[in-house]
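So you can see what is in the structure, the chains are spelled out below.
There are 4 protein chains.
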Amino acid sequence: MDINADLGESFGRWRLGDDANMLALITSANVACGFHAGDPTTLLRTCEAAVAAGVVIGAQVGYADLRGFGRRFVDVAPDDMVADIVYQIGALDGLARTVGGRVAYVKPHGALYTAVVRHHAQAGAVVEAVRSYDPTLPLLGLPDSVLLAAAATAGLPVVQEGFADRAYADDGTLVPRDQPGALLTDEATVAAQAVRLAPGVDSICVHGDTPGAVALARVVRQALSKAEIELRAFAGGG
Amino acid sequence: MDINADLGESFGRWRLGDDANMLALITSANVACGFHAGDPTTLLRTCEAAVAAGVVIGAQVGYADLRGFGRRFVDVAPDDMVADIVYQIGALDGLARTVGGRVAYVKPHGALYTAVVRHHAQAGAVVEAVRSYDPTLPLLGLPDSVLLAAAATAGLPVVQEGFADRAYADDGTLVPRDQPGALLTDEATVAAQAVRLAPGVDSICVHGDTPGAVALARVVRQALSKAEIELRAFAGGG
Amino acid sequence: MDINADLGESFGRWRLGDDANMLALITSANVACGFHAGDPTTLLRTCEAAVAAGVVIGAQVGYADLRGFGRRFVDVAPDDMVADIVYQIGALDGLARTVGGRVAYVKPHGALYTAVVRHHAQAGAVVEAVRSYDPTLPLLGLPDSVLLAAAATAGLPVVQEGFADRAYADDGTLVPRDQPGALLTDEATVAAQAVRLAPGVDSICVHGDTPGAVALARVVRQALSKAEIELRAFAGGG
Amino acid sequence: MDINADLGESFGRWRLGDDANMLALITSANVACGFHAGDPTTLLRTCEAAVAAGVVIGAQVGYADLRGFGRRFVDVAPDDMVADIVYQIGALDGLARTVGGRVAYVKPHGALYTAVVRHHAQAGAVVEAVRSYDPTLPLLGLPDSVLLAAAATAGLPVVQEGFADRAYADDGTLVPRDQPGALLTDEATVAAQAVRLAPGVDSICVHGDTPGAVALARVVRQALSKAEIELRAFAGGG
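Chains as they are written, first to last, in the working numbering: chain A, 1 to 238; chain B, 1001 to 1238; chain C, 2001 to 2238; chain D, 3001 to 3238.
Think of the hints as simulated: they come from the structure by calculation, not from any bench. Some hints could be false.
[Stated by the list, open to error] A few chain D residues facing chain C, derived, Cβ under 10 Å:
hint : residue
1    : D3039
2    : T3041
3    : T3042
4    : L3043
5    : R3045
6    : V3082
7    : Y3087
8    : A3091
9    : L3092
10   : A3129
11   : Y3133
12   : D3209
13   : T3210
14   : V3214
15   : A3215
16   : R3218
Don't be surprised by glycine CBs; every beta carbon is placed ideally from N, CA and C.
Working from the sequences, and respecting the hints, build out all of it.
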């Protein structure tokens, strides 16, 4: 089982997340690419730290919306989406390679993640971008999403993920962030959800920007270990 | 002799330059990278067109200043500059590779080009960025600039360029754009300057965003041809 | 009858529209506010020119999306929308007042214009923003839109507008720009549509950024004049 | 004596400073205007809180450089600077007025603050912007700066300020932030410097974004009170 979290989400003067401590607990780092978060210096430092910690680097691609932190749907046309996503992957990959790493997978962020569960045009554009950049790059997404179906059709490796600290609706989608109870914060609940989800997914996501994020990541890691589920990145980093 | 020009400088709804016609006249395209000009869709289309035309692609890196078109000095710290420039090269290289091209050289744009003639810290950062990305990438710059001296010291290939359509000061620097006479627009003058500069440089720059740019590029090409100077890109594109 | 057009849509190095010639033909200028187009210098110059031409200044508010020119829906939360719109109106009003003008009305731009035809939350936010800034400012919009209904309920003056150069769907909404035939370019067609719409609306919109925009504005003006429809701004400018 | 601090410096998802607690200690709030920090929603909430706390609102204008937090010099041309600054003041004033406040003074931020100590063109542009917006608005700056001299010549009210928590060089300028010892963090030192500076200045600045900022503001307030220096905003807020 893999544990992934969003890293590199600081921007200039503004700090977000406790990346240093998260890197000791996760196996895959979804590193922002500058469109919804992460300036180039932050991204370079994050890649350096991930390489040093032996954590695999993924490109977390998002809408070009710093003010909304990529959490607002933007009606981007497919052609623009393809170019935007290749641009983001290439930028992060370039930075990662200068410090001995590389982008080893791609994960959509925020509102784009939610959109591509059902939005065929944007899901197809994300898949086309990854395929045209490197058809061996795995794409992370929600099980049963349009994104993963399109990725599989295109021959991309797909990684199904579950969220330890987000509430699920009955249809298997995530409860939107602006609804009460969307974020799970009780350690025992989060740990139990991680173990429950594990058999059906390839990676467990824990969030990096919430209060207590590090503590939650730690209990998830401990709970998986106690359940004798081996921790291992799904992708090779080098 | 190589002829280079700035391409891919449109942004979203705003069109700039006649890239299609310039591609028929130049051997190397300095393609913007999104910081001072060029949205990802524009950059992807420009790379496609350059590949189709057999024109070599270079990354034209600049200050993150769309409003100023990269023509205003920004006092960027060296660490940030390194990361910014790797980010830009990686982004463009990623786009170029999806259409069968690649970034084959790097050229600073606008106020950054001017700054690194004398600004040691920023020149060093540009060199360090290129070296860390790919130490075989040539760096274009002004002869006798701090940039090219630092590049040579770092073992990067250097390409000295002359400007067919810019006036030179007595010290060999370019007359600043905001001064009268900075831009040469007379075809005969521009053609003569190109031929005069040719023996001392590796590449002749013509500008793509000025009125009559295509006509000037054409007379430069014709003048070099008439002077029996062979046209050939200094870098391989594939 | 009033004729309005979008002005001040240049951004930095990028020029768009023939504002000088449009100002001689229209009575109201929808001036961009920097979020979807228009840098502060452009806006200041546009206000100066509008004041000199005796053309009334309106604030054309939009999504914060330069790359998409405000033509992509962004799922902005109502609280953020209120603040964004007050910010834009205040910024333009501040500039206008330094040159003897003022913002005399408000018009949503692009995808926001389309959204508030039906999107209650965003329409309500636009109305709340205008009301909180100045409840005497008229709001321009599509007849029968949610926006104008909400504006009327809030006690704002409403201005119903028709589009001379856009195709209408049967339900009275505009044919989306990405569909064939959305933009009318035949002068006779545009002129006839302006005269046909005139009895039912308070203002006729002509676009400023299309090829032939000035010519179309001229035929609209001539057609209205020939039909003995008096041209007059709906709002006072001073 | 007035105590001022920088507020409203959060941006979207990124929080900065403890504005709520600072408002209980200061008499004037330098509120960011969106160019170097502060999204419109943040600015609106900050103005609301300032009005509720009886704290006077000033427009803290800066370079358009979110990534650099306005702390990097940008070589903005005077005409652009005038427009940029009027835009910022107008935007914040518009927001402030919707919640019962108004912009009552102007203070340059970061690298612009430093630049206008000596940079005649940019200082003149700041003065021209404020004068054209409202010639009764006081301008805050460093004693003996080019800015305050130009403001006085233009007839603007000037407010000389001292910094309780910044080290001074022998020439009366501030030690640059990137030098050791630039920021004072010892409470007794800061308190003593505030009392020492008080006779020569109209306002004491304390910083809002440093660790311990609230504690430092408290000791400054207490020290001034103990020295029987009356606390009072230099500008009226309503």
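Evaluation of the provided hints:
1. Interface hint at D3039 of chain D: satisfied, since its Cβ lies 8 Å from the closest Cβ of chain C, which is below the 10 Å cut-off.
2. With 10 Å as the threshold, the beta carbon of T3041 of chain D comes within range of chain C, its nearest partner Cβ sitting at about 4 Å, so the hint holds.
3. Checking T3042 of chain D against chain C by beta carbon gives a least distance of about 8 Å; that is within 10 Å, so the hint holds.
4. Given hint, L3043 of chain D at the interface with chain C, holds; its Cβ is 7 Å from that chain's nearest Cβ, closer than 10 Å.
5. Below 10 Å, beta-carbon pairs count as interface contacts, and R3045 of chain D has one with chain C at about 8 Å; its hint therefore holds.
6. The closest approach between the C-beta of V3082 of chain D and any C-beta of chain C is roughly 8 Å, which is under the 10 Å cut-off, so the hint is satisfied.
7. For Y3087 of chain D, the interface hint holds, since its Cβ comes within 10 Å of a Cβ in chain C; the closest pair sits about 4 Å apart.
8. Hint status for A3091 of chain D relative to chain C: holds, with the closest Cβ pair at about 4 Å, below 10 Å.
9. About 7 Å separates the beta-carbon of L3092 of chain D from the nearest beta-carbon of chain C, less than 10 Å, and the hint is met.
10. The closest approach between the C-beta of A3129 of chain D and any C-beta of chain C is roughly 8 Å, which is under the 10 Å cut-off, so the hint is satisfied.
11. Among the interface hints, the one on Y3133 of chain D holds; its C-beta lies about 6 Å from the nearest C-beta in chain C, closer than the 10 Å criterion.
12. The interface hint given for D3209 of chain D is violated, since its Cβ lies 21 Å from the closest Cβ of chain C, which is over the 10 Å cut-off.
13. Because the beta carbon of T3210 of chain D sits about 27 Å from the nearest beta carbon in chain C, more than 10 Å, this interface hint is broken.
14. Among the interface hints, the one on V3214 of chain D is violated; its C-beta lies about 26 Å from the nearest C-beta in chain C, farther than the 10 Å criterion.
15. For the restraint placing A3215 of chain D at the interface with chain C, the shortest Cβ-Cβ distance is roughly 31 Å, beyond the 10 Å limit, so the hint is violated.
16. This hint is violated: R3218 of chain D has a C-beta 30 Å from the nearest C-beta of chain C, more than the 10 Å allowed.
Hint violations for this structure: numbers 12, 13, 14, 15, 16, all remaining hints satisfied.
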